[in-house]
Amino acid sequence: MQEFNPSYKTFGNKAILIEWPAKITDEILDDILIFKKKIKRHFKGFSDLVPAYNSLTIIFQKPITDFNKQVDILKNIYNIEWNIKNLECDIWHIPVCYDAEFGLDLEFYLNAKKLSIDQLIDLHTKALYTVHFIGFLPGFPYLGGLPEVLHLPRKLNPSLNVPKGSVGIGGKQTGVYTMESPGGWHIIGKTPISFFDVNLKEPCFLKAGDKIKFFEISKDEYYKISKAVEKQTYIVKMEIYHA
Amino acid sequence: MHSIQVIKPGYFDSIQDLGRFGYASIGVPISGVMDEVSANLANALIRNSSHHAVLEMSLIGPVLLFQKEAVIAIAGADMLPKLNNIPVKMQTKLSVKMGDILTFSKAVYGCRSYLAVKNGFKTEQKLNSYAAFKGITDLVKLNKGVILPIGKQLKIFRFGHSSIKVDIQHFESDVLEAYKGPEFELLTPKQQDILLSATFQIVKNSRMGYQFEEVLNLVHKHEILTSAVMPGTVQLTQSGKLMALMKDCQTTGGYPRILQLSEDAISKLAQKNTCQKIKFKLIHL
Chain A
1 MQEFNPSYKT
11 FGNKAILIEW
21 PAKITDEILD
31 DILIFKKKIK
41 RHFKGFSDLV
51 PAYNSLTIIF
61 QKPITDFNKQ
71 VDILKNIYNI
81 EWNIKNLECD
91 IWHIPVCYDA
101 EFGLDLEFYL
111 NAKKLSIDQL
121 IDLHTKALYT
131 VHFIGFLPGF
141 PYLGGLPEVL
151 HLPRKLNPSL
161 NVPKGSVGIG
171 GKQTGVYTME
181 SPGGWHIIGK
191 TPISFFDVNL
201 KEPCFLKAGD
211 KIKFFEISKD
221 EYYKISKAVE
231 KQTYIVKMEI
241 YHA
Chain B
1001 MHSIQVIKPG
1011 YFDSIQDLGR
1021 FGYASIGVPI
1031 SGVMDEVSAN
1041 LANALIRNSS
1051 HHAVLEMSLI
1061 GPVLLFQKEA
1071 VIAIAGADML
1081 PKLNNIPVKM
1091 QTKLSVKMGD
1101 ILTFSKAVYG
1111 CRSYLAVKNG
1121 FKTEQKLNSY
1131 AAFKGITDLV
1141 KLNKGVILPI
1151 GKQLKIFRFG
1161 HSSIKVDIQH
1171 FESDVLEAYK
1181 GPEFELLTPK
1191 QQDILLSATF
1201 QIVKNSRMGY
1211 QFEEVLNLVH
1221 KHEILTSAVM
1231 PGTVQLTQSG
1241 KLMALMKDCQ
1251 TTGGYPRILQ
1261 LSEDAISKLA
1271 QKNTCQKIKF
1281 KLIHL
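In the order they appear, the protein sequences are chains A and B.
With my numbering, the residue at position 159 of the first sequence is 159, and numbering never jumps.
With my numbering, the residue at position 200 of the second sequence is 1200, and numbering never jumps.
These are calculated hints, taken from the structure and not from any lab test.
Note that the Cβ used here is the ideal one computed from N, Cα and C, for glycine as well.
Some hints could be false.
Stated by the list, open to error - Capping the alpha-carbon separation at 25 Å, the derived lysine-lysine pairs in DSS-like fashion look like this:
#1 A/K9 / B/K1281
#2 A/K201 / B/K1281
#3 B/K1221 / A/K23
#4 B/K1134 / A/K164
#5 A/K62 / B/K1190
#6 B/K1165 / A/K9
#7 A/K155 / B/K1204
#8 A/K172 / B/K1221
#9 B/K1134 / A/K201
Claimed, not checked - Covered by chain B, per the in silico footprint, the following chain A stretches (three or more residues, Cβ under 8 Å):
#10 4-16
#11 98-105
#12 125-138
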């Protein structure tokens, strides 16, 4: 597996940045996630491990006084054998209502892409998306796998208040606003699912490496699921994914 | 339960501790006090641990009513604190009685002031931290009437404690020490030179970050894939705008990270106001 040779950089005196080639691929994602698991098991003294497209940042609890020694330890950990079969992941099925009431930028988006609403829904729900990492907002997944025909540069003027649950397309990416926030993506629909709940033992059910599939629901279903989510009786459909 | 009631909120007051660690990989900001040096001093004066939650006040402080007796200390920006209308010292241990009113005004120096109470503020803890953040804690900032629970107070002690002299350099120095950031080398030698010799004016500041005036000579065309950022990360946008990220910053960002402020520099910057100017000084590991 160890076909990559990640580089190690200082990032202030309390973090080490580990970088892979500047590409967005599933192979790099897998390598980052395996390394992250090994670090969790074999390395000490850190408070946070932050994965991203082609990087893993280790934030330390105390200032680092021996950078080179830490890097040597990390290089050894990287080379520890790891059974790839441990890396199975979950596919989460996320309901989305593509009604114009929720898809605040649907009209603009469909005009710009010269697509019908049915074509958009078909393309957006057919794809299998990979969660590369969580960032930007609590629980916000950075997804890879948006079909190229759906790419559209971000809005020139970002909206100040994108409602929680909004599903958007920005550039080559698609995703869900997990909290109300300013944002520059074109909003094409809304999910009633809550991606982040601070009161749960695990506030965020998604993790880097997971897969997402969207499916279409009507407005009636949206409100029904919304109520169930509020009562905490809705269970997000999930299956195990085998590569 | 001992508590403090907010009679009149200040410009922006929030409960903070040293931050929320261990949740960056699910996108939760670290948060915590902006100026750790001053907050730690306030806690230390009343023999609290540095982990006790304090009240962070920005620019103009609040008016507070003590519903029971308490032992307190104030450090950071000088907001001319008064107890029942009589000026009280900063950087010292103070004893307040039930019904006392503590008033803060506009800061005469610095930007952020800290009120510590014996055994800390006891607002709701979320994800192992008291640090206020929208979407994480229910209480984001103080509003009129809010009641802040505080820890168990000891018996009132006698007055007469001397005040610790404030290190004025902490507020007046315009030099911020910083390490090279991961993308420092993307800058041309001339740009590196400008970055380390020019003065930069603050145009905006919040708990998320400090924005500086655009510098035409720092315009660039580099893009990076979104990657981790932290409090103290200095990003440079393509248009030549510097942004020093602070405690409530996002966990990831897409602009080149050209510097990383030292912890002391983060605290110093937290005391600067919009329109003030700063310089960066390179330090090495």
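Note to self: Hint compliance check: list the failing hint numbers for this structure, sorted ascending.
What the structure shows: 2, 5, 6 and 11
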